[in-house]
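> Let chain B serve as the given structure and place chain V on it in line with the hints.
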Amino acid sequence: MAPLPYVYLKQTAVRLMKQITAVAVMVLTVLAATAASPDKQIVFHSAGDGMLVFVKPRKMAKTATSSASKPLDYDITLSTQSDTVSVTFTLVSKSASLRIDSTSVNSSLRYVNERLYVEPKSKNWIYRLRFKMPQDDFEATFCGDNPLELSVDNCGFQIPKKKQPKEAEICRTAVNIIEMNRK
Amino acid sequence: MKKIVCAAIAAVALSVASCGSMGMIYTDYTAAGTATSNTVGSKVGQSQRTSVLGLVAIGNSGIDAAAKAGGIKKISHVDVREFSVLGLFSTVTTYVYGE
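Chains B and V, in that order, are what the protein sequence lines are.
Sequential numbering of the first sequence, starting at 4, is according to our numbering.
Sequential numbering of the second sequence, starting at 437, is according to our numbering.
It is possible that part of the hints are untrue.
Claimed, not checked - Below are the SDA-like pairs computed for lysine to any residue, each with C-alpha atoms no more than 25 Å apart in a straight line: (1) B:Lys126 <-> V:Thr486; (2) B:Lys169 <-> V:Asp464; (3) B:Lys135 <-> B:Leu112; (4) B:Lys135 <-> B:Leu101; (5) V:Lys504 <-> B:Ser100; (6) B:Lys186 <-> V:Ser512; (7) B:Lys135 <-> B:Thr32; (8) B:Lys43 <-> V:Thr470; (9) B:Lys43 <-> B:Thr32; (10) V:Lys504 <-> V:Leu522; (11) B:Lys73 <-> V:Gly495; (12) B:Lys73 <-> V:Ser512; (13) B:Lys126 <-> B:Glu142; (14) B:Lys65 <-> B:Asp148; (15) B:Lys97 <-> B:Trp128; (16) V:Lys509 <-> B:Tyr114; (17) B:Lys62 <-> B:Pro123; (18) B:Lys124 <-> B:Ser105; (19) B:Lys124 <-> V:Val476; (20) V:Lys504 <-> B:Ser49; (21) B:Lys43 <-> B:Glu142; (22) B:Lys135 <-> V:Val476; (23) B:Lys21 <-> V:Thr470; (24) B:Lys62 <-> V:Thr470; (25) B:Lys124 <-> B:Leu112; (26) V:Lys510 <-> B:Val108.
Said to hold, decoys possible - Under 10 Å between C-beta atoms, here's a sample of chain V residues computed to sit facing chain B: (27) Asp464; (28) Ala471; (29) Thr475; (30) Gln482; (31) Gln484; (32) Arg485; (33) Ala493; (34) Ile494; (35) Lys504; (36) Gly506; (37) Gly507; (38) Val521; (39) Val528; (40) Thr529.
Derived by calculation from the structure, the hints in this document are not laboratory data.
Glycine is no exception: its CB is placed at the ideal position from the N, C-alpha and C atoms.
Looking at chain V on its own, in the form it has when it is part of the complex:
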């Protein structure tokens, strides 16, 4: 039993560690996405994907989905926010800014 638990923890730790700067226990940061030469607009659009237990992952965190949700035709820049607790529940949210 202990071996199984240790193996599970090691698997989660490895998978989290492989995700770059993600914290093993708690992650909540915003990373730079893309920037264009368009001026910063007054509109924001958001898209999100969610993962539970590393087993189920649903959603669409694409730039296109976020731009569509915000009615944005000219994108100025994109931010990506990652949130995770123990690698068991995680979300990736894309924010698109523009006009």
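One chain only, chain B, in its complex shape:
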């Protein structure tokens, strides 16, 4: 059997690359369209006499001086039966001795943390924590125009100024759902 000519192989490779690129673009377009809508980032369901709203996990970038190893992963839960908002987050740090008793929000507010678990992973420590804040404070900070800042001990995180409007819109949507279903 004669070997395939180089030109034929090259043309086949180019065609294959074009097809892969087209499929990748299609997948990315669908993913982008799905992620763009704020309500796609929210899960809501009835809970007893009220409603529970869950904002799917978001990411918050490290600040320049942060001692955290990775960006912060956080999710938010609101309920029509409560005036407080629950923020649950995962902090990753190389330090096993972080002071995790409280979280500072925008440097001006501070809330007591509930420790869900602390466990080692590779060379890091995973801290899973939760704090509750009044809904008014939540609307002033998470739904505000100023970039949101959270810090635990010397681990600081901030939403970039460019992303704050989109993140705030998601939080405002969650608050609106709660308010419209509150009796």
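What follows is chain V alone, placed relative to chain B:
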């Protein structure tokens, strides 16, 4: 070349079809998981696994992982959300509700 492409499409279609009610082009639905006799609580936990191109799959979408992430000790019920585009990118997310 055409045979290879057709075979690849057929393989994806078969694998997607074998996954019950998953759509071949686009899937985004929530299915019932488990329910218990515990009252519906105010906490939610999420866990997720992701698959890319049907070649790489990572993550943990287990109920235990979701309950742990949400600090839930008494589970009231579980929902499972499946999302897929062309069977090439897919996620399975488990939501655990409870107290």
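> With reference to the structure, classify each hint as holding or not holding.
Comparing the hints with the structure gives:
1. B:Lys126 <-> V:Thr486: 24 Å, holds
2. B:Lys169 <-> V:Asp464: 22 Å, holds
3. B:Lys135 <-> B:Leu112: 12 Å, holds
4. B:Lys135 <-> B:Leu101: 20 Å, holds
5. V:Lys504 <-> B:Ser100: Status holds; Cα separation ~22 Å.
6. B:Lys186 <-> V:Ser512: 23 Å, holds
7. B:Lys135 <-> B:Thr32: Violated - the C-alpha atoms of Thr32 (chain B) and Lys135 (chain B) are around 36 Å apart, more than 25 Å.
8. B:Lys43 <-> V:Thr470: 23 Å, holds
9. B:Lys43 <-> B:Thr32: 15 Å, holds
10. V:Lys504 <-> V:Leu522: Given pair Lys504 (chain V), Leu522 (chain V) is violated - Cα atoms ~32 Å apart, limit 25 Å.
11. B:Lys73 <-> V:Gly495: Holds, at roughly 17 Å.
12. B:Lys73 <-> V:Ser512: This hinted pair is violated, its Cα atoms lying about 32 Å apart.
13. B:Lys126 <-> B:Glu142: Not OK: Lys126 (chain B) and Glu142 (chain B) at ~37 Å, beyond 25 Å, violated.
14. B:Lys65 <-> B:Asp148: Satisfied, since the Cα-Cα distance of roughly 19 Å is no more than 25 Å.
15. B:Lys97 <-> B:Trp128: With a Cα-Cα distance of about 6 Å, the restraint between Lys97 (chain B) and Trp128 (chain B) holds, given a limit of 25 Å.
16. V:Lys509 <-> B:Tyr114: 23 Å, holds
17. B:Lys62 <-> B:Pro123: Judged against 25 Å, a Cα distance of about 21 Å means the pair holds.
18. B:Lys124 <-> B:Ser105: 23 Å, holds
19. B:Lys124 <-> V:Val476: Cα-Cα ~32 Å, so violated.
20. V:Lys504 <-> B:Ser49: Holds: Lys504 (chain V) and Ser49 (chain B) sit about 22 Å apart, inside 25 Å.
21. B:Lys43 <-> B:Glu142: 20 Å, holds
22. B:Lys135 <-> V:Val476: 19 Å, holds
23. B:Lys21 <-> V:Thr470: Since the Cα atoms of Lys21 (chain B) and Thr470 (chain V) sit roughly 44 Å apart, the hinted pair is violated (cutoff 25 Å).
24. B:Lys62 <-> V:Thr470: At roughly 29 Å apart (the allowed maximum being 25 Å), Thr470 (chain V) and Lys62 (chain B) break the hint.
25. B:Lys124 <-> B:Leu112: It is violated: about 31 Å lies between the C-alpha atoms, which goes past 25 Å.
26. V:Lys510 <-> B:Val108: 30 Å, violated
27. Asp464: Nearest chain B Cβ about 7 Å off; hint holds.
28. Ala471: Violated, about 12 Å.
29. Thr475: Cβ of Thr475 (chain V) sits 7 Å from chain B, so the hint holds.
30. Gln482: 6 Å, holds
31. Gln484: OK, holds: Gln484 (chain V) within 10 Å of chain B, min 8 Å.
32. Arg485: Interface hint status for Arg485 (chain V): violated (14 Å vs cutoff 10 Å).
33. Ala493: Nearest chain B Cβ about 16 Å off; hint violated.
34. Ile494: 14 Å, violated
35. Lys504: 7 Å, holds
36. Gly506: At about 7 Å, which falls below the 10 Å cut-off, the nearest Cβ of chain B leaves the hint on Gly506 (chain V) intact, so it holds.
37. Gly507: Constraint on Gly507 (chain V) satisfied, holds at 4 Å.
38. Val521: 5 Å, holds
39. Val528: This interface hint is violated because 14 Å lies over the 10 Å limit.
40. Thr529: For Thr529 (chain V), the interface hint holds, since the closest Cβ of chain B sits about 8 Å away, which is under 10 Å.
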